[in-house]
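Here are the chains, one letter per residue:
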Amino acid sequence: MKLDVVYFAWLRERIGIPGETVETEARDVAGLVAELTRREERYAQAFRDLSALRVAVNQELADFDAPLSGAREVAFFPPMTGG
Amino acid sequence: MKLDVVYFAWLRERIGIPGETVETEARDVAGLVAELTRREERYAQAFRDLSALRVAVNQELADFDAPLSGAREVAFFPPMTGG
Amino acid sequence: MLQVQEEAFDPGTVLSEFTAGAGPAGAVVSFTGIVRDNGGDLDHMEIEHYPGMTEKAIGAMIHAATQRWNLTACRVIHRFGRLAPGETIMMVATASRHRAAAFEAAEYLMDYLKSRAPFWKKEVGRSGACWVESRQQDEDALKRW
Amino acid sequence: MLQVQEEAFDPGTVLSEFTAGAGPAGAVVSFTGIVRDNGGDLDHMEIEHYPGMTEKAIGAMIHAATQRWNLTACRVIHRFGRLAPGETIMMVATASRHRAAAFEAAEYLMDYLKSRAPFWKKEVGRSGACWVESRQQDEDALKRW
Chain A
527 MKLDVVYFAW LRERIGIPGE TVETEARDVA GLVAELTRRE ERYAQAFRDL SALRVAVNQE
587 LADFDAPLSG AREVAFFPPM TGG
Chain B
527 MKLDVVYFAW LRERIGIPGE TVETEARDVA GLVAELTRRE ERYAQAFRDL SALRVAVNQE
587 LADFDAPLSG AREVAFFPPM TGG
Chain C
8 MLQVQEEAFD PGTVLSEFTA GAGPAGAVVS FTGIVRDNGG DLDHMEIEHY PGMTEKAIGA
68 MIHAATQRWN LTACRVIHRF GRLAPGETIM MVATASRHRA AAFEAAEYLM DYLKSRAPFW
128 KKEVGRSGAC WVESRQQDED ALKRW
Chain D
8 MLQVQEEAFD PGTVLSEFTA GAGPAGAVVS FTGIVRDNGG DLDHMEIEHY PGMTEKAIGA
68 MIHAATQRWN LTACRVIHRF GRLAPGETIM MVATASRHRA AAFEAAEYLM DYLKSRAPFW
128 KKEVGRSGAC WVESRQQDED ALKRW
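Heads up: the protein sequence lines correspond to chains A, B, C and D, in order. Quick note: the first sequence uses the working numbering, first residue 527, plus one each step. Quick note: the second sequence uses the working numbering, first residue 527, plus one each step. Quick note: the third sequence uses the working numbering, first residue 8, plus one each step. Quick note: the fourth sequence uses the working numbering, first residue 8, plus one each step.
Any given hint could turn out to be false.
Said to hold, decoys possible - Here are a few chain C residues that face chain D, going by a calculated C-beta distance under 8 Å: (1) Phe16; (2) Pro18; (3) Thr20; (4) Ala32; (5) Ala34; (6) Ser37; (7) Phe38; (8) Thr39; (9) Gly40; (10) Ile41; (11) Val131.
To be verified - Calculated lysine to aspartate or glutamate pairs in the EDC-like style (CA-CA distance at most 16 Å, straight line): (12) D:Lys129 / D:Asp44; (13) C:Lys129 / B:Glu539; (14) A:Lys528 / A:Glu567; (15) A:Lys528 / A:Glu566; (16) C:Lys129 / C:Glu53; (17) A:Lys528 / A:Glu549; (18) D:Lys129 / D:Asp50; (19) A:Lys528 / A:Glu546; (20) B:Lys528 / B:Asp554; (21) D:Lys63 / A:Glu549; (22) C:Lys129 / C:Glu140; (23) C:Lys63 / B:Glu539; (24) D:Lys63 / A:Glu586; (25) C:Lys63 / B:Asp554; (26) D:Lys129 / D:Glu55; (27) B:Lys528 / B:Glu539; (28) D:Lys129 / D:Glu94; (29) D:Lys129 / A:Glu539.
Since the hints were made in silico from the structure, they are not lab data. None of the values given here were measured: they were computed from a predicted structure. All C-beta atoms, glycine included, are put in the ideal place defined by N, C-alpha and C.
Please put together the full structure from these sequences, using the hints given.
In structure tokens form, the structure reads like this:
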């Protein structure tokens, strides 16, 4: 399965790219995070504390145990600070 | 004692004047109301239900048992509807 | 800062000026009250007030709100006289470092203006005129402060 | 009505337009957020957002608020990009027949925009840059809705 994965704020800075297309067999967000974490140290660093991160699947907020069936775009970012 | 007495909204309309100077020996607002009520039927009508009226002494909201010592201006009016 | 006036005013112009002069605020809240024509019967509204007491009463409200919520700026404009449906009756603006303070101060001022500032509204319609009655819920609204 | 934009805007101009188009409302509330320079160190702020999701998320908030408080009009403008101290970041405006509804809807929108709209603020100062951290109290603020 091909997925667009995008990063924002300090997560984007730490990983060093705004996004990428990944080929994954992960069944849920947590599985995708585990795959990314195994890639390189900068990913491991970025995803070290999941409680400090939020995730959106297809541009809707989701949990880390959300399934990836039907997912086209997964976004990771720190808690939002709008307003 | 000379006092300026002023009326607003429907009280003004019912009494027929926006205000008047009265000579009174009343000790408190209630005493002044009693004197006014004895004058003429339009005053008696206007002051019939004190729970529907508010009073200010020297431009500060007061109670009907407020003393008139130091009073220069007493205002009677219905509950306010600003904003 | 307080204005009690007969003349119309534009809420946008007021907000722009207020925001420019709101100092180190991060949050500006405004409330604008507009003459509503509920049933389509309203020809105009007449607002009567108590000159002198109006300024004292609202001045005290502004002072209290400024202290309590640490406002960096506060402004109230309230009109009297004859107003047509759609016209702006009054406006409150508050500025503070934080949004909760700016919101609360504006609501406090509105609640007090409703029931404690000496204004009386009369609705003049094609089928007659009547004084707007105060509502128990406006009196109750003061209890939260 | 929603605008997510890089360009500056004048809150007064927005309020005037909004009030003119607010229909049978009696009450209009606005909130304006301004870049604060807390310690005097801030050079500018950078606001990043998630194009696409931003519009969806705020659109859903506007829809929910409009239904819940029976708003006659509702508008949100939020900027992204580079902003200097004193510049307007965002604005919310709500219109309703009654003041309590207009106030509550504006506060609801602000609480949700703070923690549920995909914006991230970075403060760039003379002594370095840092991402603004979310605050527990902003998360707690959502519980009242």
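Verification of the hints:
The interface hint given for Phe16 (chain C) is violated, since its Cβ lies 11 Å from the closest Cβ of chain D, which is over the 8 Å cut-off. Nearest Cβ of chain D to the Cβ of Pro18 (chain C): about 5 Å, under the 8 Å cut. The hint holds. At about 6 Å, the closest approach between the beta carbon of Thr20 (chain C) and any beta carbon in chain D falls short of 8 Å, and the interface hint on this residue holds. A distance limit of 8 Å between C-beta atoms decides the matter here; for Ala32 (chain C) the minimum to chain D is near 6 Å, and the interface restraint holds.
A least Cβ separation of about 6 Å between Ala34 (chain C) and chain D falls short of the 8 Å threshold, and the interface hint therefore holds. With a least beta-carbon distance of about 5 Å to chain D, the hint placing Ser37 (chain C) at the interface is held under the 8 Å criterion. Among the interface hints, the one on Phe38 (chain C) holds; its C-beta lies about 5 Å from the nearest C-beta in chain D, closer than the 8 Å criterion. A distance limit of 8 Å between C-beta atoms decides the matter here; for Thr39 (chain C) the minimum to chain D is near 4 Å, and the interface restraint holds.
The interface hint given for Gly40 (chain C) holds, since its Cβ lies 6 Å from the closest Cβ of chain D, which is under the 8 Å cut-off. Taken as an interface hint, Ile41 (chain C) checks out: its beta carbon lies about 6 Å from the nearest beta carbon of chain D, inside 8 Å. Taken as an interface hint, Val131 (chain C) does not check out: its beta carbon lies about 17 Å from the nearest beta carbon of chain D, beyond 8 Å. The hinted pair formed by Lys129 (chain D) and Asp44 (chain D) meets the criterion: a straight-line CA distance of about 13 Å does not exceed 16 Å.
Taken as a hint, the Lys129 (chain C) and Glu539 (chain B) pair is honoured in the structure, with Cα atoms around 12 Å apart against an allowance of 16 Å. Between the alpha carbons of Lys528 (chain A) and Glu567 (chain A) the distance comes to roughly 23 Å, so the proposed pair goes past 16 Å and is violated. Using a Cα cut-off of 16 Å, the hinted pair Lys528 (chain A) and Glu566 (chain A) is violated, with the two alpha carbons roughly 20 Å apart. With a C-alpha separation of about 5 Å, the suggested pair Lys129 (chain C) and Glu53 (chain C) falls inside the 16 Å cut-off, and the hint holds.
Restraint check for Lys528 (chain A) and Glu549 (chain A): the C-alpha separation of about 5 Å stays at or below 16 Å, so the hint holds. With a C-alpha separation of about 11 Å, the suggested pair Lys129 (chain D) and Asp50 (chain D) falls inside the 16 Å cut-off, and the hint holds. Simply put, Lys528 (chain A) and Glu546 (chain A) have alpha-carbon atoms about 10 Å apart, close enough for the 16 Å limit, and the pair holds. Taking the CA atoms of Lys528 (chain B) and Asp554 (chain B), the gap is near 14 Å; set against the 16 Å cutoff, the hint holds.
At most 16 Å may separate the alpha-carbon atoms for a hinted pair to count; Lys63 (chain D) and Glu549 (chain A) exceed this at roughly 27 Å. Of the supplied pair hints, the one linking Lys129 (chain C) and Glu140 (chain C) holds, its CA atoms being roughly 9 Å apart against a limit of 16 Å. A hinted pair counts as satisfied when its Cα atoms are at most 16 Å apart, and Lys63 (chain C) with Glu539 (chain B) does not qualify at roughly 25 Å. This hinted pair checks out: Lys63 (chain D) and Glu586 (chain A) have alpha carbons roughly 8 Å apart, not beyond 16 Å.
In summary, the hint linking Lys63 (chain C) to Asp554 (chain B) is not supported, as the alpha carbons are separated by about 23 Å, beyond the 16 Å threshold. Between Lys129 (chain D) and Glu55 (chain D) the alpha-carbon distance is near 8 Å, which keeps this suggested pair within the 16 Å criterion. About 23 Å separates the Cα atoms of Lys528 (chain B) and Glu539 (chain B), which puts this hinted pair outside 16 Å; it is violated. At roughly 15 Å between alpha-carbon atoms, Lys129 (chain D) and Glu94 (chain D) fall within 16 Å of each other, so this suggested pair holds.
Between Lys129 (chain D) and Glu539 (chain A), the direct Cα distance comes to roughly 12 Å. Compliance with the 16 Å bound is thereby established for this hinted pair.
The structure is inconsistent with the numbered hints 1, 11, 14, 15, 21, 23, 25 and 27, although it conforms to all the rest.
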